[in-house]
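Novice: Let the sequences and hints guide you as you build the complete structure.
Chain residues, written in single-letter form:
Protein chains: 4
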Amino acid sequence: MRFKPSYAPGPTDVRENVRLALAKKTNNTDFDKEFIQYYHEVCQKMGKVMGTTNEVLLLAGEGILALEAACASLTEPGDRVLVLDNGIYGEGFKDFVRMYGGEPVVLSFDYQKSIPVEEVRDFLEKDHDFKYATFVHCDTPTAILNDVSQLSPLLKEYGILTVVDSVAGMVGEPIDVDKNQIDICCGGTQKAISAPVGLAIVSISDDAKKSMNNRKTPIASYYANLQIFNGYIEKGTLPYTMPASTVEALEVALDNILNEGQKAVYDRHAKIAQAVRKSVQDYGLSLFVESGASNTVTAVIIPSEIGALRLQNHIQETYNLYIATSLAQYEDVILRIGHMGENAFTDKVLSVLTVIDNGLRDLGFEGKGNLGQLFLDALREEN
Amino acid sequence: MRFKPSYAPGPTDVRENVRLALAKKTNNTDFDKEFIQYYHEVCQKMGKVMGTTNEVLLLAGEGILALEAACASLTEPGDRVLVLDNGIYGEGFKDFVRMYGGEPVVLSFDYQKSIPVEEVRDFLEKDHDFKYATFVHCDTPTAILNDVSQLSPLLKEYGILTVVDSVAGMVGEPIDVDKNQIDICCGGTQKAISAPVGLAIVSISDDAKKSMNNRKTPIASYYANLQIFNGYIEKGTLPYTMPASTVEALEVALDNILNEGQKAVYDRHAKIAQAVRKSVQDYGLSLFVESGASNTVTAVIIPSEIGALRLQNHIQETYNLYIATSLAQYEDVILRIGHMGENAFTDKVLSVLTVIDNGLRDLGFEGKGNLGQLFLDALREEN
Amino acid sequence: MRFKPSYAPGPTDVRENVRLALAKKTNNTDFDKEFIQYYHEVCQKMGKVMGTTNEVLLLAGEGILALEAACASLTEPGDRVLVLDNGIYGEGFKDFVRMYGGEPVVLSFDYQKSIPVEEVRDFLEKDHDFKYATFVHCDTPTAILNDVSQLSPLLKEYGILTVVDSVAGMVGEPIDVDKNQIDICCGGTQKAISAPVGLAIVSISDDAKKSMNNRKTPIASYYANLQIFNGYIEKGTLPYTMPASTVEALEVALDNILNEGQKAVYDRHAKIAQAVRKSVQDYGLSLFVESGASNTVTAVIIPSEIGALRLQNHIQETYNLYIATSLAQYEDVILRIGHMGENAFTDKVLSVLTVIDNGLRDLGFEGKGNLGQLFLDALREEN
Amino acid sequence: MRFKPSYAPGPTDVRENVRLALAKKTNNTDFDKEFIQYYHEVCQKMGKVMGTTNEVLLLAGEGILALEAACASLTEPGDRVLVLDNGIYGEGFKDFVRMYGGEPVVLSFDYQKSIPVEEVRDFLEKDHDFKYATFVHCDTPTAILNDVSQLSPLLKEYGILTVVDSVAGMVGEPIDVDKNQIDICCGGTQKAISAPVGLAIVSISDDAKKSMNNRKTPIASYYANLQIFNGYIEKGTLPYTMPASTVEALEVALDNILNEGQKAVYDRHAKIAQAVRKSVQDYGLSLFVESGASNTVTAVIIPSEIGALRLQNHIQETYNLYIATSLAQYEDVILRIGHMGENAFTDKVLSVLTVIDNGLRDLGFEGKGNLGQLFLDALREEN
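As given, the protein sequences belong to chains A, B, C and D, one line each in that order. According to full-length UniProt numbering, the first sequence is numbered sequentially starting from 1. According to full-length UniProt numbering, the second sequence is numbered sequentially starting from 1. According to full-length UniProt numbering, the third sequence is numbered sequentially starting from 1. According to full-length UniProt numbering, the fourth sequence is numbered sequentially starting from 1.
It is worth saying that the hints were derived from the structure and are not from the lab. Heads up, a few of these hints could be off.
[What the hints assert, rightly or not] 20 Å max Cα-Cα, derived DMTMM-like pairs, lysine to aspartate or glutamate:
#1 B:K271 - B:E260
#2 D:K156 - D:E55
#3 D:K24 - B:E260
#4 C:K24 - D:E342
[Stated by the list, open to error] Short, incomplete list of chain B residues facing chain C, as computed with Cβ under 8 Å:
#5 A23
#6 K25
#7 L154
Quick caveat, the model's predicted, so the values are computed rather than measured. All residues carry an ideal CB built from backbone N, CA and C; glycine is no exception.
Specialist: Put into C-alpha cells, the structure is as follows:
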C-alpha cells in the first residue's frame, strides 16, 4: 500500500522512535513476572500523563473497548444512567448502557457549543438518581470540547459516578483525572498520544471499584470486563496475552510527551489550533463550533456547492493526502483538520492547509489569500 | 526490559521481516478505501492459510476475543450448546455460553487423550438438539490435539454448528476449515502464525451467518459482536480503528508461511515435534499425552521431587530463558515446550532442550544422555 | 540529536523501506560465497541503473573515494591528464592527479555555463596527448550540468580515457555509461540514489582495465586501488569487510528506482526542477546558472544585502530546516535547493520553498507572490 | 539472502538496539554544526572506551583504512619503520610502509607465541633508529595476543612512535591507549564493538600529530590522509560526507559497552574464552596458540584427515552456520571460533560448539564427550 499522509483526527503520526520500538523482539507476556511488572509500570506512566494515581489498565483493543468496558463493568440491569449529549459520540453512550441492561436518560444540547454546565446543574437539582453519567471530553466529529473541570465535580456532588470519553482529548487538552474527580476515564493510544492503535486505556477510581465490587449480577462480558484484571500482579498473570510491542511503543510515546513536558504539549496544541481557526476564518470559511472549540481538531464548514466529500476525494486523488470529513448528518458538511499529537506541528499543518487551499481553488472556491501563509502569519502574531 | 527467549507455546518468535513491517508508517484506517480494501485482502489471505473461502475477520484484540465473539454472536438466551471437553480451554467454553444466556451441556473426556469420536457419535444419537458445539483443536495446557476432520463433520451431520478454537493449532497442524465444515474457526496471530499479538481471527460460514441473521434478540455486546462488520466494504468503513501495523505484519507472516509452503510448514512441525517427543522419552522423562499429541507443543511430566515450577524458576534465573509450565491442577506437574511457528526450528529447540537438560541436572535429575544430542539424533533418524 | 529535514543536494532522504533494510541482521561478508555472489548481483543492478555492462564495484567509503580510486588506479608518474573545469569539483580533480604523480592540464571555462563542447574540440585538435580526461556530470556547488553524451565520445575519438564524476548526477539525470563510452564513472549512494552514505561506486571499462593492467609502476594505495578487487568472485573473497547492511539498503533503493522506472524518475526530476527554476525567477530571484542547469539541484543567487549564510542560519534557527549554501567564493552568494532522489517530490519541495519564502520575508526581502504557490502553479502549467 | 549465523571473528552480531538505530532518519552531515558536534562527541566516547583523551577519528571505511591511514600519514620517503611480525596481519604492515615510500625492517617471531618482549628489547639496543614501529594487538588468523602494555612503552623509551592494530582486540581485551602510550591505535567497528561495518577508528597522540606536522613531503593520499580532519570543528565541516547512520549505531554500541561496564565486558570475554579453550582440549582437539591466546577468538587445529575447509563447508551446508577457517598457509589447518563482542555469550557459543561437535562426528571424528556440554561444564567450574 502506498503511504498517504493523513490529517484525520486520529490515528495520528507515530514518531520514529515509537515505531522502531514496535520492531523489537518481545518477551513472553503471559506469566513472566518481569513483563507483568513492566506492564504495571507503563500503566502507571499512563496514569501520570492522565493526572491520576487511580489504577490504570491497558486493554488489548481499540479505544471504543474502553467505553464499552466502562459501561459493561458498571451497569446492572435497571440502572439509570445519565447520558450528556452534545455530539455524536456523546449520544452514542446510550447504546452501551442499554446493551448491558441499563436505562439511559439522554440530556441533549446544542451540538455547536460546549455542554452548558448551568443547565446540567438545573437538571440535576430535579433528578439525580443516576448510578453514573457519561460525557465526552472532545467529541471529534464536530470538534467540540466539554469542560471536564466543571462537569465531573458537579456530578460527583450528587454522588453520580462519571465515565468520561477522553479518547480524542487527553494529552492535547488537560484531563487531570484526579483533580476533576473522574471515576472512569477512557482513552486510546492512537490520538494525541500518537502511539500505535491497539490499546484501550481506562483509569478506575476507588468509587468505581467499589461500585463494581458491589454488583449483584455478574458482568455480562469477558473481554469488556474490567474485573478480570483484579489482582493481576499478585496472581502473576494477566487475563490474556498482551500486545507487548504496543505496550513498549506506548511507553516510548509517553516518554516523548513527558520529555517535551505536558505543559509544553498543551501549549503547542493551543498555538497550532488557534492559528488554524484564525487562518481558516481569515481565508473566508466558517467554523462549525460556536464556542468551546477543541485544540485537537478543527471542524470547518465546506460550502454546499463544493461539498466536503467531493473536496476530500479530490484531495486524495490529486494530492495523495487524507483528510476526514465528519459523520452522519455532517458527513458532507464538515471537513475536519486533525492537529493532535504528532500532527500538531507547524510543518505538517502548513502542508495540509496548503493542500486544502489548492484543492478548494481547483473546485472553484476563491479564498482570501494563501491559507498556508495565513496560518504562518497567525502563528507569528501569537508570539 | 532485558530480552529473555521464550519457548512457551506462544507468543512465539516473530521473524525479523514481520517485526520490521511493524515499524512502517501506516495510512489512515478508518474511512480510507485503500486501507479497507487492503484489510479485506489480508483477511482473504488469512482464509487461504486456513483453507476457507468463508468470510474471515480480523478483530482488534487477543485470540480469546475470537472465542467470545463466536459465542456472543451465536448464543441467544436459552440456547443449548454442546461443549466437548478434554482440556482446560475445552471446558472453558461453557463460561462464554453461559455469559450470553446459553445452556452449556458439557461432555467431558480423558484429558490425556484426543476426544473419542465414537463416544461423541453415541452421545449425539441420543441427544443432538444443540444450536452449536464447541471444541478445541489443540488444547495447549496439556498439548492435546483433537481430530477436527472427524469431529466437525460428525456434528454437522446432526445440523449442529461448530465453533473450533484453533488458536494454538492452525498453521502448525492442518485445519482445513472448508473441508472440515467448521462454522466458526477461531485463531490468534501470536501462535504458529508467528505474527505479533493483537488480532483475533474468525472465519464465519454461511450457516453461521444465517444463524446470526435469524436471531430474535440483539447481540449483547459491541466489541464481541461479529455483525458490526457486516457490509464494511460497501459502507467503506470499519467498525473501529484497526491496528494497521499489526495487519501489515500479519500479512508478512502469512507470506512467510505461503512462501515456505503450507505442506512444508506442517512437515517441519511434525519432524521437530516427533524428535522432541522421542528425545524426551529416551532421556527418561514421560509425556503427559497418551494419544493425540499436538505437533505445536509438548507437555512433559516433571517428577514431583523436582517440580515444574521450581525447574521453570531455576531456568529463568540461571539461564535467562522462559519455559511455560501448565495451568490449574497441572501447574506444577507439566513443563511445556512450545515448538510452533518460528520456534519450530532445530537450533531453537536444541537450545531449549540443552538448557532443560542442564537445569534438570542442576536440580539433581539424572537424564540418560544429553537431551540436546538425543534430539539431534532423533531428527537424524527421521530422515 | 533532533531531526532536522535537509534540502541540501545530498545526502538526500532515504525511503522507509531502505532504512528498514539497514536494520536487518546480516551474514558474514568476508569469505561467504553467498554474500560474495550477492555483492556481485547488487553491483550488476547498480550497473543496470547506470546503463552499463562494465564491471561495477562498490567501495566501502564515501563518493570521493571513487574519484580518488579512479585517479590512483590510472595515474602513473608523469602521465598527462586533461582536467576540464567549469566548477569547483571539476577543478578539484587536478589535486588527485598530482597526488599520484600525474601532470594535470586544466582547461577552464565559464562557471555559469556547461562546458562548451566545440571549444574542447578545438583544444583537442591541437593537443590530445592525454592518458585520460576528467570532468563532472553535475557540479553541485554551482548546480551546473555538463553534456556527457558529447564530451565523453569526443575524448574517446582522440583515444583519451574518460573519468566522469556523476556523484550528484546519476539517477537524477541520464548517464548512460555504455552509450556515452565513459571509462570510469564515479558515483555515491547518498545523492539521487537516496541510499545511505557509505558506498562509493565505480564502473570500469575494458579500456580502463587494460590501462591499469599495463602499468609499469604499482598503484600507490591499497584502499584507493581498484585492482584489489580483481578476481574476487573466483577467489571467493573480497579485499576487506563490506558494509553488508549498506549493500542491502542500496539494493532496495535501486529496486525503488527500477520499480518506478528510470524514465519516470528522470521525468519527475525534470518537472520538479523546471518548476523550481520558474517559480524562483517569478518570485524575483536569479539563478546562478545561465545555461545547462542540472535537474538535481538549483543554485539561487541571494541578494548581498541578505546573504546566503545569514538566510541559511535564520532558516535553521527559526524553521529547523537545513538548506545548503555553496562553497568557496560562492559560499555567501548562492543558496542551493537540492531536489534529487527522494527529495524530488512536490510536497517536500513545497515545504522548503514555503520556508525559504518566509525566511526571506523575515529578513526584509519582498518576493513577488508566495514562492510555494508559484511552484505549484508552475507545476500545474507543465502538465 | 537467507540469514546464516556467523561465528567468524568478525563481523560480529549487532545487537537489536544498534541495528534499529541504523533505521533512523539522519540529519545532513556535511556542514551542519549540530552533526559535527555530534560526530565529535561520538569520537570522544570511542576514545573513552579505548582509554584515551587523544584525538579520535572515525573514518568512513573498513578497519584496514585505519592501518593504511596511519602508515600513509606518518611515512615519508626513506623513513625506516620497524615491523614486528608474529602473524599474518603483523607482517602485512610492511606493505603499507613500502607503498608510502618507507623502508620496513621486519622482525619476525614464532607465530604460535606472543611477541617476546625481551627479544625486542635486545634488538632495540642495537638498532632503534625507526620513525615508528607497528604491531598487532590480536592477530586474528592465528588468534594470538600481544602484550601492548609492555611493547608500546618499550618502543617509546627509544623514541619510536607506535602504530597498533587493535581491530580485533579492543573491547574484548584491554587496550588502554594512554596508559600504554600508543601513538596511533587502529580499530574497526565490526569486531568486539559489535557495531555495523563501515567506520575505521584511529586515535592520534600529540607525538604522532607533531610528526605529521613536521613532514617535509605532502601525504600521498586524500582518503587515507589523517590531516584532512585538522580543525574540522572550527571549520564547521568534515572532509567528506559521513555515514551518519553508522555513527549513530556506533554510539548505541558504545553505550551498550559502557552500560555493561568495560571490566564486565573483559571478564565476559575471558570466561567464555577460557571455557572454549578448555572444552576444545578436553574434547580431544589442540589449540594453535601455545602461549598468549586472545580472548576474542580461538584457533583450533583440525586433524588433516578431516581438514578445516571440508569441516567449514560441511557445517555451512548441513547446519546453515558460518565458521571461519584461517588464511594463507593455515587455511585448511585452523578453524577459528569467534567469541567477541555480541558473540561472547554462553548461548551463542554453546550453539556453535554443538554444531562443530556434530559436524566433526559426521566427518568421522570421535570427540571425547559432548563439546557443548564440556563448554558448559568448564564455565561452571570457573565460577
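Novice: Compare the structure with each hint and give your call.
Specialist: Now the hints, each set against the structure:
no., hint, in the structure
1, B:K271 - B:E260, "15 Å, holds"
2, D:K156 - D:E55, "19 Å, holds"
3, D:K24 - B:E260, "31 Å, violated"
4, C:K24 - D:E342, "16 Å, holds"
5, A23, "6 Å, holds"
6, K25, "6 Å, holds"
7, L154, "48 Å, violated"
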